[in-house]
Each structure stands twice: as C-alpha cells, then as structure tokens.
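*Asks:* For this one, chain D is given, so just place chain Z on it according to the hints.
Chains as they are written, first to last, in this note's numbering: chain D, 31 to 334; chain Z, 54 to 357.
It should be emphasised that the hints constitute simulated quantities derived from the structure, not laboratory data.
Given the structure is predicted, the values throughout are model-derived calculations rather than measurements.
Note that CB positions come from ideal geometry on N, CA and C, so glycine has one too.
Among these hints, one or two may not hold up.
What the hints assert, rightly or not - As a list, the in silico SDA-like pairs of lysine to any residue whose alpha-carbon atoms are at most 25 Å apart:
{"#": "1", "chain 1": "Z", "residue 1": "K205", "chain 2": "D", "residue 2": "K316"}
{"#": "2", "chain 1": "Z", "residue 1": "K205", "chain 2": "Z", "residue 2": "L218"}
{"#": "3", "chain 1": "Z", "residue 1": "K205", "chain 2": "D", "residue 2": "I80"}
{"#": "4", "chain 1": "D", "residue 1": "K316", "chain 2": "Z", "residue 2": "A180"}
Unchecked claim - Where chain Z lies over chain D, by a calculated footprint (3+ residues, C-beta under 8 Å):
{"#": "5", "region": "198–210"}
{"#": "6", "region": "253–262"}
Said to hold, decoys possible - What follows is a set of in silico ranges between Cβ atoms, one per label pair, in the way DEER data are often shown:
{"#": "7", "chain 1": "D", "residue 1": "L79", "chain 2": "Z", "residue 2": "P112", "range": "50 to 56 Å"}
{"#": "8", "chain 1": "Z", "residue 1": "R251", "chain 2": "D", "residue 2": "A287", "range": "55 to 61 Å"}
{"#": "9", "chain 1": "Z", "residue 1": "G132", "chain 2": "D", "residue 2": "A272", "range": "50 to 56 Å"}
{"#": "10", "chain 1": "D", "residue 1": "A317", "chain 2": "Z", "residue 2": "F103", "range": "56 to 62 Å"}
{"#": "11", "chain 1": "D", "residue 1": "I125", "chain 2": "Z", "residue 2": "L74", "range": "23 to 29 Å"}
{"#": "12", "chain 1": "Z", "residue 1": "V264", "chain 2": "D", "residue 2": "A272", "range": "39 to 45 Å"}
{"#": "13", "chain 1": "D", "residue 1": "R121", "chain 2": "Z", "residue 2": "E250", "range": "48 to 54 Å"}
{"#": "14", "chain 1": "D", "residue 1": "F248", "chain 2": "Z", "residue 2": "F128", "range": "44 to 50 Å"}
{"#": "15", "chain 1": "Z", "residue 1": "R169", "chain 2": "D", "residue 2": "L214", "range": "48 to 54 Å"}
{"#": "16", "chain 1": "Z", "residue 1": "H215", "chain 2": "D", "residue 2": "I125", "range": "38 to 44 Å"}
{"#": "17", "chain 1": "Z", "residue 1": "W115", "chain 2": "D", "residue 2": "L100", "range": "56 to 62 Å"}
{"#": "18", "chain 1": "Z", "residue 1": "F128", "chain 2": "D", "residue 2": "R149", "range": "42 to 48 Å"}
{"#": "19", "chain 1": "Z", "residue 1": "E250", "chain 2": "D", "residue 2": "R149", "range": "34 to 40 Å"}
{"#": "20", "chain 1": "Z", "residue 1": "M338", "chain 2": "D", "residue 2": "L79", "range": "17 to 23 Å"}
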Amino acid sequence: MTVTERPAVSEVSAPTRTRVPPWRNPWRRPYVLAAITWAYILWSLVPVLIAIQFSFNDGRSRSTWQGFSLQWYCCNEGSVFEDPSMLHSLRNSLILGIATVLVATPLGVALAMGLTRWRSRASGVANGIALIPLVTPEIVVGSALYLVFVNLYQFVPLGRPAMLLGHVTFSVSYVLVIVRSRLLSIGGEYEEAARDLGANSLQGIRTILLPLLMPAVFASAMIVFAASLDDFVVSQFLFGSAENETVPILLYNSVRASPTPALNALATILLVGTFLALILTVLVLKARRRGSDESALETLADWG
Amino acid sequence: MPDRPSGHDRATRRLWPTLALPGTLWLIALFVVPTYAVMAVAFSGQINIFNEPIPAWNPLDWEFSTFTTVVTDSFTPSGVYHEVWVRTAIYSFWALVICVSIGYPVAYYTARLAGRRRGLILALILAPWWINYITRMLAWINLLQDDGYVNKALGWFGIPPHAWLSGSSFTVVWALAYGYLPYFIIPLFASLDRIDERLLEASRDLGVGTVRTFLHVTLPLSRMGLITALVITALPMAGDYYTNTIVSGSPNTNMVGNQIELFLLEGPQKNIGAGLVLLLSLVLMFFMFYYLILTQRASREATR
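Just chain Z, same shape as in the assembly:
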C-alpha cells in the first residue's frame, strides 16, 4: 500500500496508534509488569513477618542468593529439585513420542487420504478442543478406578486389576499424551493440508514408491508443521501440574509445575516458587522464541 500524501493522512496516521493503544497498555500492565513481578519476587532479599518475600522492585536491590540456590538445587544431581526436573523432561519426552507416533498418522490421513469422510473426521478430531481439559481427565478417572471399565476389560483376559491411579508414571505419561494430542494434531494437519497435491503426483509419476515419496517430499514439506506442533504441545506440557494431580496425586510423580504450585499457593516461600517459574521460563524461552521467529517469517511470506 503506497503512502499517498492527502488531507486525511495525518488523521489516519494518528488513528491506528490510538486504536492499538488500549490493548498495548493492557498487555504491558498485565503481562509485562507481572513478568517483572516474578523477577522481583525471585530476586527478593528480604522477608516480612509472615516469612513471605518482600518483592525487590528496584533492580539495584536484587539479591541472587535464593535464585542461585534454586538453580544449583535444580541442576546438580544431589539437589532437592533435580529429580523433579529430570522427571518433567522424561515425562514430556515420552508423551511427545506418543504424540508424534499417533498424531502424525492421524493428521496425515485426515489431510490427504480421508476423501469423502474428511469433514466428519476433522470434526471428530477437533471435538476434544472444545471439551474441558479437566473433564477429559475426569473421564479417565471414571474408567481407571479399581472397579472401572479398564480393569473389568482386563479381567476378561484374566489379567489382574491394576491400581492405575496411585502414582503410576505410566498413567501420567499417557494422560499427558491424551490431554495434548488434539493440540498436536491440528497444526500438523494444517501444514500437511497445504502441501500441493501435484508435488506428490509428480513423485508418483516418476515411479517413486510410497515410502520414499513420504520421506523425500511429504516429511520435509511438513517440517514446519511438525515443529509448530511439537512446540505448541511441549510448552504447556512442561508446566503442567493438574494432569499429574488428577491421575496420580502422588509426590512420586511430581513435575516442576507441581513444585511451583506448592511453593506459590500453599506455602510462604514464594521466592523459591518464583525462582522455579523463572527458571522454567528460561528453559522454555529458547523454544518460545524459536517458534515466534518461525511464525513471523511464515506470516511475512504469506502476506508477500
């Protein structure tokens, strides 16, 4: 859109910033400042009479002793939080492996091969998006109870009932995968759907087999979608605590999120909680910015 000098131009130029102002101020007050508050609490050096940290709003007052302790306790093998971090990484890793191995085939089939039933399948795949996450976990609580359908079904095969809901890592990993798979499939579907059918036809016409077409054409072209899907699922999964509480409730399966919730909502040591939030954000920051840069690039390409 070329800039043309005209009488309206100055008014227009003022109009757009004015429209953007309230939203920007809102996000500064309720997103940027709160993020700063996390740092102010994490780097606080003083406590009040309730043993709660007094936030250090002035960066000159920042003291890093608590945060340093949090970092050492997290990343040295003997640290108090080390186990929790390792568990978070392992659970997220396996849940993502399940997401890829189930999500990719489903997204691929829906985008490319579903044919007449495509609309129906897409609707069914989108449906979990609109079902409350807690409700979906609640549904599994019903099924996995000691006398629930799962144990009854196992009974038919002569397998003894299993206590699924008392601190089983297996249950937590599958619950995470179950919870986040819908969010994994959709971005992948969108990118597989955009692949030009003619490229695949060309590959077929040149005599390339299904497997090689997939490896050399489809997979590279869906790389962006796969990365998006992984980032979109990995970020909330790493900070998840509610899935764990619902399907396990045992400290033996605690993840970082559980530790953060414990310190922030149930105890006075909010500076340790804030320190863990900060550390989690730093670890995830890399993925967040990588993703933001990729999407910005993609949207620039789309508008060109």
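Same shape as in the complex, but just chain D:
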C-alpha cells in the first residue's frame, strides 16, 4: 500500500505499523455520513413537526407562534369540528379507507394464493397484469379510470363509488405483492402435508394456509388503509363534486386560498390516523415474529 508521506508522530511508538491517513482507514468513524443522515432526517421531519405545532397556535397565523391552544381542533368557529366541509372530508376519507380495506384485502389475498400456487401460462400473464399498476404513474391510473367512468361505465357515478373502485384497483397490487412474498417463503409443504392427512384443498387453505398468512394479510390491510387515506391523485380525478372531497383533496384545494391553522389541525388528525394504523401493524408483526432475527421495521422496509 502506498502511503502519502506525513511526519508521523506515532512512528516511534509503533514502528511496525504503517500510518494510514484518515480517508484510507476503513475503521474510521463515519462522521460525514452520519452528519448527512441526521441532517436529512431533520430536513424531512422538522417541517412537518412545525406544521403540527402551528395546528395548536393561539391565533390565525401559520408562521408566527402566538401560544398554545386547541381552538383549531374543537369548539371554536372555523375549527375542524365546527367546519362542515372538514368534518365531511374526514368522514369520507375514513369510510373510503375502511371500504377499500374490506374489498381489496380478500380480493388480493385470493389473487395471491391463486397466482402463486397455480402454475400455468395464464397465471404468468395475470401476474404481469397485476404488477403493472404498481409501476404505473398515478396520473395515468387516475386519468384512465376517469375516462372509463365518464365514457363507458356510466352506471358508476363519479364520487364515492368511483373512488372506491379506483382505490381498490391500486390496492389489490399491494396486497398481492405482500401476501405473495409470504406465500413463497412458506412453501408448499404444509399444504401437501395437510392433503396427505386427508384434508381437501379448501380445508387446507382454511386451517393451514390462512393462519400462516395472517401476519401478511393483516399488514397488507393496514398498508391498504394507509395508502387509501394518503391517496390524492386517483381521488382527485374521481371525486366528482365537493361533498365527496377526501382530506387530501381538501388540503390541496385550500392550501393556496387563505388557510387557517385549522388546515394544519386537519392534516394532523389524518397523520395520527395513519400512524395508529402503522403502530398497530408493527406491534402485530413484532408479536408474530418473536424469536426471528429480522425486525418488523426491516420487513416493512423490504416491502417498500
């Protein structure tokens, strides 16, 4: 190894070891990388924390702190719980999220089981179709759904029904990917054993496969819920009229019109809802994975 010459002080005390400049020492502490990482984390989260802080502002300003108050959440004119359109959007988002979970999860789980265990050319094609929504830009999905509801499926009115169909469509692929990776890691042996012991295929699915899949099913349900609460583009193309606005649409529409801290309060409530779903998922995954060396967080990261 060539060493750039430096008058090394330690040469006397350790004559056998070559002195390595810091940038060539693999065991040096990575201060620069650590600094970048923490700076990134601050940059990505502090603005949101400040926005949450201003939802508790005791005044109309969203840039000058005037003391703590809950007036933008409740019981004051213009607060979230006194503003009919904000309350309405919260209700719409919640109902849409729950309905999407209820439709997309069974659909996606059945699709994942079918596509993983059924080996034929048709299943390969179906698999391809099911993965394309994951990589299609949302604006393409949204505008395609909009055009089909307006021109062909006219029996589905724009608004909640169309939004539900749209949200389920992009959610099915999430469920498929998560449940399938679990199915592949389980392997076919358990079902074979069940069959050898005399269970028919349906019994095999109900008593063996579904219980083994439960963590993945639960996690995908929560991710679908969060994705539905989070969705903006598909909803915006399909919501039709103002009474069907979800929270993200309302935030988007009012952010440029003179907003009050009530908008921040609404965003905070949405955020709390999503994080409750997340915490529940992590806890359930943790409980299920006790003894495994992979942490629940890393599982989530891998699915990303």
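*Replies:* Okay, now just chain Z, sitting in the frame of chain D:
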C-alpha cells in the same frame, strides 16, 4: 413441488384458478379496459355537442390526427407543449440528482454503519412514508411564506426575503426531491442491507482503501437497488402535477402532469389530454418494463 397424481389433484387444480379469477377480472375491468379507454379517447375522431370527444371503441374507427398533432406539438421545438416536456425532463433530472446525492449516503449509512442506532434511524427514515404527501408540502408552504421561518432565518444573516412560492423553478425541483426522497431511499437501503458484510471485510483485509472498496465492491453490488430506486421515483415524478401546483401555482413552472390535468378535468378537449397521457405512458413504458423484467428476474432468483 413435484406434481403427484392423486384424487385431490383435479379439485386442487381447479381451485387455484378459481381463487385468482375475481382479482384478475377486477384488474381487467378496472385497469386494462381503462387503459384502452385512454386510447379510444385519444384516437377519437368525432366530437359531441359539448365539444367533447366521442370515444372510438372500435379500433377501425381510430383517427390519429389529434394524436399526431399532440406528438408534433410535443417534440418539435416550436410546438405548444414542447416547453412543458423539456421542463418535466429538466426538473425530474435535477430532482433525481438531488435524490442520489442525498439518498445514497443516507441509505449507505443506515444499512452499513449506523450500528446501535440503526433501528431508530430506520424508523425516522420510514416515517415520511406514512405522512400524507400533501401534508408534507403543506408544511413547506408554512415555512416558505413571505413572513415564514425560512425568510426569517435568512434575515438573521442579512439576506433579504425571497418570494419562494411564486413560480420558482428552484422551489419546485427541491419540493420534488423532498417529496420523493423517502421512496428513493428505502429500495436502496434494502439492497445495500443485503450486501454480504464478508465481501467488504475481504476487500479491507486485502488492503483496499475505503474509496476503492466502495467503487469496486459496494457500488456494483447495489446497482440493482439504485436502478429500482431511480425508476420508482422517476415514474411518479414525471407525472406529478400537485407538487407544482402547491409550491408554485404559476404556469411558468407547468409540467406535463399539469397540462394533462388541465385538459382532462378543466376543459372539453379531453382527446388532447388523453393523447398526452398516452404519450407520457409511452415515454415511461420503457422504464416500467425494464423495471418489471428486473424484479421478475430477481424474484425468480430468490425463489430458486
């Protein structure tokens, strides 16, 4: 799993396609047909009394005059949409450059060097995933207002306040990078995390310096993750319109997505909007399929 002839086999063979059927039909009705609807509208040759295009469902009725105009207007320097396309490419390019230069160090540090704090850092990096995109933009609107914290902070250094939110390309590019960085970091983290520590140790033991180890071992091994991360961020970024509307709102920073939204939701010329969607999909198709093929290959290798 070898196929063994047994009494249950026929029932099983029917079971899997049956399970896959509802999901497949759903995706055909609500993903494949809508995609076709985009073409039917884009290639429509007739308009109704509202000046809206009548979709041409029969491919024999397709007329390409509108679409040809859209293509020429997009790709010839004097065309109406040319500027918008160029802007989309430039904004996406610079936002991706920021993503790589911030995202790679962060993912690398988290995956390889974070040590004891790894769980905490991972949780903090994942957190923005669960915060609504519109909320994260809203947070910046608070900070970037004329009397917001950013201008106040600049004031301490004697820098005059800047109008960040009125049509600044700089703001849009950084907002895009801020919005999509979390989605960039995670796939990269997952691939860096999978690199076998022993390879890096071997490289160190052979006396290779940190920089060369990175260039010759880590970087090639994380190539797949880097490509995934780039594709996953580039696809939605190219079709983004809401970031732009929120942080700029000026036609001087319009991207293709804004143009599509304008034609589809706010005017009668839906055939031009559909034509732009189609063109955007064709441009992005290359990346989508490249990515799908890579992931299919990777999942085949994983199951082998």
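*Asks:* Each hint: holds or not?
*Replies:* We went through each hint and held it up to the structure:
Between Z/K205 and D/K316 the alpha-carbon distance is near 44 Å, which puts this suggested pair outside the 25 Å criterion. Our distance criterion of 25 Å between C-alpha atoms is met by Z/K205 and Z/L218, whose separation comes to about 15 Å. Distance restraint check for Z/K205 and D/I80: the Cα-Cα separation of roughly 14 Å lies within the 25 Å cut-off, and the hinted pair is therefore satisfied. Taking the CA atoms of D/K316 and Z/A180, the gap is about 18 Å. The hint holds against a cut of 25 Å.
With a threshold of 8 Å between beta carbons, the proposed coverage of the region 198–210 of chain D by chain Z holds, since 4 of its residues qualify and at least three are required. Look at the region 253–262 of chain D against chain Z: 4 of its residues bring a Cβ nearer than 8 Å to a Cβ of that chain, three or more, so the hint holds. At roughly 54 Å, the beta carbons of D/L79 and Z/P112 sit within the given window of 50 to 56 Å. Restraint check, Z/R251 to D/A287: a C-beta distance of roughly 58 Å satisfies the suggested window 55 to 61 Å.
A beta carbon spacing of about 36 Å between Z/G132 and D/A272 contradicts the range 50 to 56 Å that was offered as a hint. Evaluation of the 56 to 62 Å hint for D/A317 and Z/F103 yields a pass: the beta carbon distance comes to about 57 Å. Remark: the range hint 23 to 29 Å for D/I125 to Z/L74 is upheld by a beta-carbon distance near 28 Å. In this structure, Z/V264 and D/A272 break the distance hint of 39 to 45 Å, their C-beta atoms being roughly 57 Å apart.
With their beta carbons about 50 Å apart, D/R121 and Z/E250 fall inside the hinted range of 48 to 54 Å. Range check, D/F248 to Z/F128: Cβ separation about 48 Å, and the 44 to 50 Å hint holds. Between Z/R169 and D/L214 the CB atoms are about 32 Å apart, so this pair departs from the stated range of 48 to 54 Å. In this structure the supplied range 38 to 44 Å holds for Z/H215 paired with D/I125, their Cβ-Cβ distance being about 42 Å.
Between Z/W115 and D/L100, the C-beta spacing of about 59 Å keeps the proposed range 56 to 62 Å intact. For Z/F128 and D/R149, the Cβ-Cβ distance of about 44 Å falls inside the hinted range of 42 to 48 Å, so the restraint holds. The hinted window of 34 to 40 Å between Z/E250 and D/R149 holds, with their beta carbons roughly 36 Å apart. The supplied range of 17 to 23 Å is broken by Z/M338 and D/L79, whose beta-carbon atoms lie about 40 Å from each other.
In the structure shown, a violation is registered for the earlier hints numbered 1, 9, 12, 15 and 20, in ascending order.
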